[in-house]
Amino acid sequence: MNKRLFVKGNDALAMGAIEAGCRYYFGYPITPQSEIPEYMSRELPRIGGEFIQAESEIASINMLLGASACGVRAMTSSSSPGISLKQEGISYMAGSELPGLIVNICRSGPGLGGIDASQADYFQAVKGGGHGGYHIIVLAPHSVQEMYDLTMLAFDLSDLYRIPAMILGDSVVGQMKEALVPHSYRNPGLPSKNWAVSGKGGRKEQSIIKSLYLGDGELEAHNLKLHERYRILKEKEVRYEGVELEDARLIVTAFGSAARISKTAVRMAREVGMQVGLLRPITLYPFPEQAFRKATETCGRVLCVELNAGQMVEDVRLSVHRDAEVFLYGRPPGAGSQPTPEEIFEQIKKYYEAIS
Amino acid sequence: MTTVLKPAFQRPVSLKDVQTHFCPGCHHGTIHRLVAEAIDHFDIQERTIGVASVGCSVFLYGYFDVDVVEAPHGRAPAVATGVKRVLKDRMVFTYQGDGDLAAIGTSEIIHAANRGEGITVIFVNNTTYGMTGGQMAPTTLPEQVTTTSPYGRNVGSEGYPIRMAELLSILEGVTFSARVAVDSPRHVLEAGKTIRKAFQCQVEGAGFAFVEVLSACPTNWGMNSLKANERVGREMIPYFPLGVFRDHTAKAGKKPQGESKLSHLGKKS
Ligand SMILES: Cc1ncc(C[n+]2csc(CCOP(=O)(O)OP(=O)(O)O)c2C)c(N)n1
Numbered sequence: 322m323n324k325r326l327f328v329k330g331n332d333a334l335a336m337g338a339i340e341a342g343c344r345y346y347f348g349y350p351i352t353p354q355s356e357i358p359e360y361m362s363r364e365l366p367r368i369g370g371e372f373i374q375a376e377s378e379i380a381s382i383n384m385l386l387g388a389s390a391c392g393v394r395a396m397t398s399s400s401s402p403g404i405s406l407k408q409e410g411i412s413y414m415a416g417s418e419l420p421g422l423i424v425n426i427c428r429s430g431p432g433l434g435g436i437d438a439s440q441a442d443y444f445q446a447v448k449g450g451g452h453g454g455y456h457i458i459v460l461a462p463h464s465v466q467e468m469y470d471l472t473m474l475a476f477d478l479s480d481l482y483r484i485p486a487m488i489l490g491d492s493v494v495g496q497m498k499e500a501l502v503p504h505s506y507r508n509p510g511l512p513s514k515n516w517a518v519s520g521k522g523g524r525k526e527q528s529i530i531k532s533l534y535l536g537d538g539e540l541e542a543h544n545l546k547l548h549e550r551y552r553i554l555k556e557k558e559v560r561y562e563g564v565e566l567e568d569a570r571l572i573v574t575a576f577g578s579a580a581r582i583s584k585t586a587v588r589m590a591r592e593v594g595m596q597v598g599l600l601r602p603i604t605l606y607p608f609p610e611q612a613f614r615k616a617t618e619t620c621g622r623v624l625c626v627e628l629n630a631g632q633m634v635e636d637v638r639l640s641v642h643r644d645a646e647v648f649l650y651g652r653p654p655g656a657g658s659q660p661t662p663e664e665i666f667e668q669i670k671k672y673y674e675a676i677s
Numbered sequence: 002m003t004t005v006l007k008p009a010f011q012r013p014v015s016l017k018d019v020q021t022h023f024c025p026g027c028h029h030g031t032i033h034r035l036v037a038e039a040i041d042h043f044d045i046q047e048r049t050i051g052v053a054s055v056g057c058s059v060f061l062y063g064y065f066d067v068d069v070v071e072a073p074h075g076r077a078p079a080v081a082t083g084v085k086r087v088l089k090d091r092m093v094f095t096y097q098g099d100g101d102l103a104a105i106g107t108s109e110i111i112h113a114a115n116r117g118e119g120i121t122v123i124f125v126n127n128t129t130y131g132m133t134g135g136q137m138a139p140t141t142l143p144e145q146v147t148t149t150s151p152y153g154r155n156v157g158s159e160g161y162p163i164r165m166a167e168l169l170s171i172l173e174g175v176t177f178s179a180r181v182a183v184d185s186p187r188h189v190l191e192a193g194k195t196i197r198k199a200f201q202c203q204v205e206g207a208g209f210a211f212v213e214v215l216s217a218c219p220t221n222w223g224m225n226s227l228k229a230n231e232r233v234g235r236e237m238i239p240y241f242p243l244g245v246f247r248d249h250t251a252k253a254g255k256k257p258q259g260e261s262k263l264s265h266l267g268k269k270s
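Chains Z and G, in that order, give the protein sequences. Each residue of the first sequence is one higher than the one before, counting from 322 in the working numbering. Each residue of the second sequence is one higher than the one before, counting from 2 in the working numbering.
Just so you know, not all the hints are guaranteed correct.
Away from chain Z, derived, C-beta distances all over 10 Å, residues of chain G [what the hints assert, rightly or not]:
(1) 171
(2) 185
(3) 191
No farther apart than 20 Å at their CA atoms in a straight line, the calculated lysine to aspartate or glutamate pairs in the DMTMM-like style are these [unchecked claim]:
(4) Z/521 <-> G/44
(5) Z/514 <-> G/47
(6) Z/521 <-> G/90
Simulated from the structure, these hints should not be mistaken for laboratory data. For each residue, glycine too, the CB sits at the ideal point set by N, CA and C.
Next up, chain Z with everything else stripped away, as it sits in the complex (with noise of 0.2 Å):
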């Protein structure tokens, strides 16, 4: 380990996946994540794994909750489209607090779309995708190295809080080949996972994985509890990178492949002299909120950047202190609507030059 290899995403987010332990994948064909399940089908059968190539995204969430709930590292991946329908299946999972992965390497929509990168699935992904009042965890990486790490990191909180972890990334970080240093995986201490079946043998009491509660007041109680995770979550879990913050006049705020081009802009703002951060989501879901708060204490100017017509702003807003002022460069994902650095950087000066 520690050499450098020269990857695409996707294959990296897969080398993560086994080194952190997963042996078992289950996923359906769609692009722009396909390398995935093709490496995973070369690779988890030599070390002993399982991959399904299931008959829909349907079953494949459910055998991933089924293997979940034997208490081991799995996963699926898909795109929109796929992810859409796993959404039943992923409130299930959270319902029923079993861990996993889900990979949504993001294309355009809505509908068969197209399969250029987009951001338009944020709403989907941290407000709860499917039905009943949930959250997953929700990490966006903005490299071929983070694909790598946060997919290890995705698993341990998944473990760790018992809620399912989705990686949102699209095909700009899926497909794009660049430097990765894989690391081993080190176990950070998570506990047991005593809780999962296995056939009762020498238990006393049965190992039940549901999330039906019928009860008086058990499903409500169920519910604060979920809460309460939910919360902690947000208290100790999140996650963003900050650059040149401390005297920024303007930050520009992006996720994802949008905050990859937007690093370039701000870069070349600070080249002519223009004060100007830049503050990254890595977890989604827990929204780096008092981090934003805190920034804007200083600053009271936002740009936000997103493939797609605004979701993470209305986040963002929820977050910076109350003087702040927002303003958003939404681009609808579509062939020929990425942004290039030029175009966000004539949006950084546009709100730039409006502070005086």
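Here the structure of chain Z is known, so what remains is to put chain G with the ligand in place on it, guided by the hints.
Here is chain G with the ligand on its own, set in the frame of chain Z:
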């Protein structure tokens, strides 16, 4: 010489000593018992995992003293696939109604069967959606009145009842497929044997086994228990014949369990 007297009839160990929520005359209780007897027979309670479906049998964990995973409506075969692929030496069964298995979950059952997953599927066909109040099911008989076929099932627009045991029997992945009923003592005994065989199939690692059980739903059929029981023989069996439609248990032999099937690929460096 002393003779040890064994009780001729007792509650199966894997069935909990609790009252069920099933309506009077419903056959789910009988079928639960037969499944529990099979689990006891092979002494596999400690290594069995049940997968519950959505329908009247959703409370599987309340009645069977085994580990249970609850699946979304129709998805039990996919959930069971996930469980069995991880715990290859454990016994995994699903227990599903006809709405669950033959309507919303058609895709999952056909593909789990076709992959030859080493699971046992108990399919309870009561020609209606019991839990939701007696709507039309894919197995509802022609002309049968339900709450959503108030003029009787019109096969011209609603199609014909699906014979799942026969349908699955043509798939190469299937080792055993049969249909039984529990409307008479003789049928109960035969059903018990067939369900045992379906579990034996898994115990021996012989592959996918499916047993369809014709079942009465007095409440939603609007009949008393006796009339509902009679209907099984009078109307259901003529359309859904009892029998074994595929039995490759002898041929299937023992498949290796708990081993990577591709060990010839060797380890990755
Ligand atoms: C996705 C979804 N659709 C519909 C339902 C409502 N529902 C619950 S049980 C059921 C049908 C149950 O009928 P069946 O599978 O025949 O089993 P039975 O109750 O007759 O034993 C339906 C439609 C649901 N829970 N989930």
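Now for the hints, and whether the structure bears them out:
no.	hint	result
1	171	17 Å, holds
2	185	33 Å, holds
3	191	28 Å, holds
4	Z/521 <-> G/44	12 Å, holds
5	Z/514 <-> G/47	18 Å, holds
6	Z/521 <-> G/90	13 Å, holds
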